[in-house]
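When you get a sec, could you build the whole thing from the sequences and use the hints?
Protein chains: 2
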Amino acid sequence: MKKFTVLFALLLMCAMTFAQQALWGGAPVVSPEIHDDNTVTFRLKAPKAVKVQLTGDFLPPHTIQTPRGEYDAPGIVDMKEGKDGVWEYTTAEPLNPELYGYSFYVDGLKIMDPGNVYMIRDVATVTNVFIIGGDRADLYKVNKVPHGTVRRMWYNSPTLGMDRRLTVYTPAGYENGKKRYPVFYLLHGAGGDEEAWIALGRTSQILDNLIAQGKAEPMIVVMTNGNGWQDAAPGESPKGFTVPSMSPKERASAPEGGFELSFPEVVKFVEKNFRTLPNKKHRAIAGLSMGGFHSCSISKYYPDMFDYVGLFSGTASRNDKSTCPVYTDFEDKLKIQFAKTPALYFIACGNRDFVFKGVTDFRKLLDDNGCKYEYLETGEGHIWRNWRIYLTEFVPKLFK
Amino acid sequence: MKKFTVLFALLLMCAMTFAQQALWGGAPVVSPEIHDDNTVTFRLKAPKAVKVQLTGDFLPPHTIQTPRGEYDAPGIVDMKEGKDGVWEYTTAEPLNPELYGYSFYVDGLKIMDPGNVYMIRDVATVTNVFIIGGDRADLYKVNKVPHGTVRRMWYNSPTLGMDRRLTVYTPAGYENGKKRYPVFYLLHGAGGDEEAWIALGRTSQILDNLIAQGKAEPMIVVMTNGNGWQDAAPGESPKGFTVPSMSPKERASAPEGGFELSFPEVVKFVEKNFRTLPNKKHRAIAGLSMGGFHSCSISKYYPDMFDYVGLFSGTASRNDKSTCPVYTDFEDKLKIQFAKTPALYFIACGNRDFVFKGVTDFRKLLDDNGCKYEYLETGEGHIWRNWRIYLTEFVPKLFK
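Chains as they are written, first to last, in our numbering: chain G, 78 to 477; chain L, 78 to 477.
Bear in mind the hints are in silico, worked out from the structure with no lab data behind them.
Take these hints with a grain of salt, some might be off.
No copy labels: a pair is met if it fits in one copy or bridges any two.
Said to hold, decoys possible - Listed next, the in silico DSSO-like pairs over lysine-lysine satisfying Cα-Cα at most 27 Å (straight line):
no., residue 1, residue 2
1, Lys218, Lys316
2, Lys256, Lys345
3, Lys345, Lys417
4, Lys221, Lys349
5, Lys160, Lys125
6, Lys316, Lys122
7, Lys187, Lys122
8, Lys122, Lys157
9, Lys316, Lys221
10, Lys477, Lys256
11, Lys221, Lys345
12, Lys256, Lys357
13, Lys449, Lys122
14, Lys326, Lys349
15, Lys218, Lys326
16, Lys474, Lys441
17, Lys292, Lys221
18, Lys358, Lys125
19, Lys326, Lys398
20, Lys122, Lys326
21, Lys187, Lys128
22, Lys157, Lys128
This is the structure we're talking about:
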């Protein structure tokens, strides 16, 4: 048996040798390094580079003028070459608690950090991420608390004529229990899909943590795909590994308002497959940007379906000329919805957001009609940092 | 209402404007481009680069000599600069159907393809991937077939003293049904975790497709974390965004044979939470490399638990000097297991694999003892291409 004795050790060692090579090449430097005082050092070994820069949403933004107004783009700073061709940059100040994204530019070529395997895709771009813990950002971390289950599953939509993928979070205790739970439907923005809230939104971590702290009711969270022309996130459908796009050609193929019209098919699927409390009092819907628009449309078109509504950086009617029943009679539908006094109508927006004026106008309309809502205004613009904040503020208000 | 009319269009357009910029920067060139004849063109815009190379597992490998023998490393080729600083390489021959991985080297710096958002992590390295369809590789694609559900969930292990994460595939029809299903436990190798088989192994696609074709029984597949010292994949545990490693310091903290000893805790959890057929006839276990070693150890230590056993590029005893009951009396335990005539004992290995000799020795031991097994020998070495093949060969043999 001696001949078998060392095989396991060999397995490990050989794999480790491999790990130094070619496709399995390891990271030569530590990056990012989060110091005890929450300053962060970024490093990249690039001995032949002439110029290396860092861009990230923690750097002072620079304002870009466009025909449609100005917006804040993430800042860029030069990194400095040290010994062995390792370029380095340390933040001037400690970073506030937050989930941050960053990339490098090497002689103008944008690359990801080979020292950091943690990346998140946002539409067609992938960036490295890291978390500075503390305060609200502790909600974005995996902590030693009971964890819920995250399912990727498929439902059939007769209205849209396809099987469609969705992401479902069930809270700790759901598995093998008997209790029924309220359901929160959480919708993504344009360019997103059923992966957006679970990846960039940190939904499962936020829910695990808020529930463990007793700040939120245990609930099921359903993250749909809001693109009526699409069955699943890029790479997860029979279309294969397509290039994600903000303006795909397929968009025109979807029936107008089809996603909103078909929403009861999602609710029906969820209530058939999960132990839910299947009534208005125990249903919430919210979304960011286009998902806020969807939440507005769906909740007023089906005014007996949701008692809690959240619009995160998004509002308003799509097209007054539309004959799609979801969009017609905008104000009348709003009035009917509010006459039924929803338990919560929540609006949140950043005051640097390009939709801020639209949101302000929408609030005025609600005020003029005596419609009651809660409003949260934050700094900054149309960014995930805000949407995570809105999620952590909205969820504790639900089902109480 | 006019003022709200255009907001939705604006939402989309602004986001598209953003998409050209900074952190949201889009890909300037199409890469990879798979042509109709299955040749593939790779492109990278890097006007300031002096030398750009492509490495990938579809290129002729080059053999590297190490003190432990030789092994095949993925090949590297030079790319050629065309106009506008776009470097290009087209494969000389059409590629065979397969899931491939690749990266670029820009003046020696290894980077990922900014034109391709599809990447898979293997231990501490992330590479871009693409699929050439046809033949067996069609099993690795998402096709228009009924899809199962993939859950990420947590179970408690008293033996290992922690909550631990696992990935569970349930076949199409499981949700909202009443039928009970057999269970296949599928284990990763050293450096892997509960994400390995679902990501690099394409387990959910392979199962969806084999089941839809009537070639495999509908079954539940449970992908555990086989690192006794680890509660979850890197980034998914309270340890945060750590650097994945083949030889982590924590390894020493795990009890010897702890994962194998604790395996009935996984089985118990699965049989409590899923509609299973809870008997030996309806349980299978298989794994790659270290996971093959685990499958061997677990199935002989618990000889009444699994009727189907698969060792993919892995075998044999860890340590004859060990006093851990999982590892003692290796041959006696094997004899007891085979005296109970398992429905299938399946061994597969590549003839260029560094464990090939160990596997050959193990087969001789089985032969000498009259133990019956099925054997599949392929070309190449210790690589995922082989493990996907073994999975597609093993699964149709189960539960029939």
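Hint check, failures only = 13, 14, 18
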